[in-house]
Structures are given as C-alpha cells and as structure tokens.
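K.L.:
In case you want the letters, here they are:
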Amino acid sequence: MIDDERLRRVFRSALNLGDEVEVDVLEYRGIDKWDSLAHMALVAALEDEFDIMIDIDDVIDMSSFGKARELLEKHLV
Amino acid sequence: MTVTAQDVFALAQQDKEERLLPQLVRLTRHHRAACPAYDRILKAIGHADGGGDGREYAAVAELPWLPVRMFKDHVLKSVPDDAVFRVLTSSGTTGAISRIHLDREAAATQARMLARTMRTVLGPRRLPMLIVDSRTTTRSSSARAAGVLGMANFGRDHTWILDEDDRPDLSALKGFLARHGDAPFLIFGFTFMVWRYLYEPARAAGLDLSRGVLVHSGGWKKLAAQAVDNADFRSCFAEHTGLTRIHNFYGMVEQIGTVFLEGPSGDSLYCPDIADVIVRDPTTWAETEPGVPGLLEVVSTLPRSYPGHVLLTEDLGVVHGIDDGDWPGKRFSVLGRLPRAEARGCSDTFAARPGGAAA
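Chains A and B, in that order, give the protein sequences.
Oh and the first sequence: position 53 is 53 in this note's numbering, straight run, nothing missing.
Oh and the second sequence: position 5 is 5 in this note's numbering, straight run, nothing missing.
Just so you know, the hints here were simulated from the structure itself, not pulled from any lab data.
Note that beta-carbon positions come from the ideal geometry of N, C-alpha and C, so glycine has one too.
Relax, there's no trap hidden among the hints.
Derived, one-sided and incomplete: chain A residues facing chain B with beta-carbon distance under 10 Å:
hint : residue
1    : Arg29
2    : Glu47
3    : Met53
4    : Ile54
5    : Val59
6    : Ile60
7    : Asp61
8    : Ser63
Calculated pairs, SDA-like style, for lysine to any residue (alpha carbon to alpha carbon, straight line, at most 20 Å):
hint : chain 1 : residue 1 : chain 2 : residue 2
9    : B       : Lys174    : B       : Arg211
10   : A       : Lys67     : B       : Arg104
11   : A       : Lys33     : B       : Arg104
12   : A       : Lys33     : B       : Ser142
13   : A       : Lys33     : B       : Arg139
Only chain A is shown next, with the shape it has when bound in the complex:
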C-alpha cells in the first residue's frame, strides 16, 4: 500500500507548496510551482524518500499526482 500522506509530504516539500494546496489533483505544469526544474527536484525527492530508481520514461510520464502514485505502486509491488 502506498502511504498517501507520505507521498503528499514529498510533493509539498519538493514543490514548496503550502498546506492549503490540494495535492491529489495536481498536474505537471498545472501550477507555476510544478515546472520542469521542480519536476527534477520532485523526481529526486521521490527516489530518496522511497528508495527507488525512476527511469527515463517514467520521469516523462509522471505528469500528475495520480501518475506518481501509480509509478510508486509499480515500484513497491
């Protein structure tokens, strides 16, 4: 099982989001703070937090919170 709260914390921290931001609905480039540069920081933070290696295709496909969740499920199965 994915710990959604842990995943949300990584998003908030890597994208520098306040507590008021609804994380579960976020999409890449849907908000200013999730731009290309922040995307790299987010990928690195996810790799550190969950001790995984995300490959190139998944970096490109990880275009929303939901996609990130799917990606983690794939890795943690």
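Once you've looked at the hints, dock chain B against the given chain A.
P.N.:
Using the frame of chain A, we list chain B on its own:
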C-alpha cells in the same frame, strides 16, 4: 527498456522514404485542414489543393516546405486555443520570436521521442549528469534553458559546472567526478561552452572524463575562430581527458523532439527513422547530390499540433553519403548559417537551433 541504435536509426534510405511519404502527405492534409494560415501559405506557393487530395506527391522532396521563419511572422498551430499546453519560443536579436504550440499529447510525444533517440547512446538508466551551464540560466525562460531542461530528464544528481554568476566552478566539477567519475555519466552542454568550461579546465587540471558520454549541440562558429573543428574537438577530448563517447546533435525548437544525432565514429549526423534531411540548391531549389552543399530542409513525422513537419531551415549543410556510415540513411553535416539569415543572440541560438552555427 533498452533502446539501441537498431530501434531508432534502422531504416535504409529507400525504405525510409517509402514509409515517410504517406505519413507526411497525411500530415500535410491534416495541417491544411486544421491551420487555415498554413493552407493559405501553401496555396500562395502553388500547392492549391486546399484540404483535398488532388495533388499527388511522388516523393518526400516534392512536399511543400515551410521556411522556419514563418513561425516568427505567423501564428501557425493546428490545435484550438484551449488545447494549447505549452508554447515554446526561440528568441532572436532582432526581436522576432518563433512560437511553437504544443498540446498535451504533442508535448508528451516529443519528450518520448527525444528520450528514445537519446537512449540509443545513453542506455536506459538516468545517468549522473554534468551540465555545462549555470542554474541561473536554467531558471530563465530562454530557449537555452529549455534545451538544458529537456535533457535533464535523462540525468540524476544534476551538477552545474558554472556557478550562479556564470563563473566556472572547478570544485563542483571535481566533486562530481569524485562521486561519479568511475562509472558512466552524462555530460550535456552547448558546444562552445563545453570547450571553454569543460575541456579547457579539465585539461589544465588533468581530470579524467573517460567514463563520460558527452551530448552537445550549438554549432561551430565560435570555435572556428579558435580553429577548432569537430575533428579537433573530438581528438583533443580523447587525448587530454580520455573522453571518447561524444555525440553532437542538430535540432530546432520548430521541430522539437526530433534530433539528428552524431554516430559513434563522429563523422556525420544521422536521421532517426521518423525524420530525414534534404539538401537544396539555394538558387534552383533542386535537391543536390551528396557532397554538394546547400540549404537544409528537415522533415519529421512528429509535428502534429503545428505545421512543422516539412521545414526549410536557414542552415547550410551537406549530405556526405547514403547508407554508407555508422547507421543507415543519409549522413550529413551542418556547415553554418545561410549568410543573409537573421543573426540570433548567441545564448538563445545554442538551444533554439542546436547545431545551427549562428552563435
């Protein structure tokens, strides 16, 4: 997933043209129907068939080309306003800016195709990445920043070798090599900057770059002033730093995601299976024979959200041979900018028209 050159640079020239032609004809029809301005331009240059099928195209070279400059003068897009996801720009010193419109699908497709092409020389893993630039540049909205960020997807532990004030940061370079120098790592930068900010310091400090894979772009004009050409560039890196895996590439924002990549032997640029080049005599517009320089036309099946599938560039080039090199198809070099073409700002030139020698 492992992608090898056999997956991306596979088609012999005749096979390639047979596959590209119907796809490009369909794309031409699609763009004529979806982009009225494009349709008007084609009518104005004698391709008067509207969205219809009337005109037969028997070869890729017969397809109507669009000068890249058109993206500066006109809004050319084949998606409705509310479907536009990103607008890429390439700025120039005269203030003319190309605007390339991508919808979500086009943005994802171009990123995947770039990844697929680059993986043929990088492998499937994201390698530790040395960026021959500064974070400051990367945070800007320049086309150069877009170039760095597009490549950054292929790396991890990104390390910039220029500091926030664009000064060389030798300790960052040495620190990176101490962490990652004994296994494959990726180096990305614009050709001239790679020479000045990586080669020269690495040589002076005796650094070992032998496990690196260098991907670079941006043209040779600035280095030509120092009498450094591609062969010198490669042999100097090999001799003084041990770096031998070097891939120059050519591509432009007006055909984002399509890159023409230098083969392992370093003699030429090659066309991925989705793309091709045609060299034209700038006075007759006829396709030139291999060995005869002319103006470069680039074709690609990738552009669907804007009519960039058949473009006449402002770069001079030459086809060296066909089906006779590292990979099948045409192999070519970019010789520089057409002299009367607009001069672009050097910083943006590097990213906006990688491989174009306008720097």
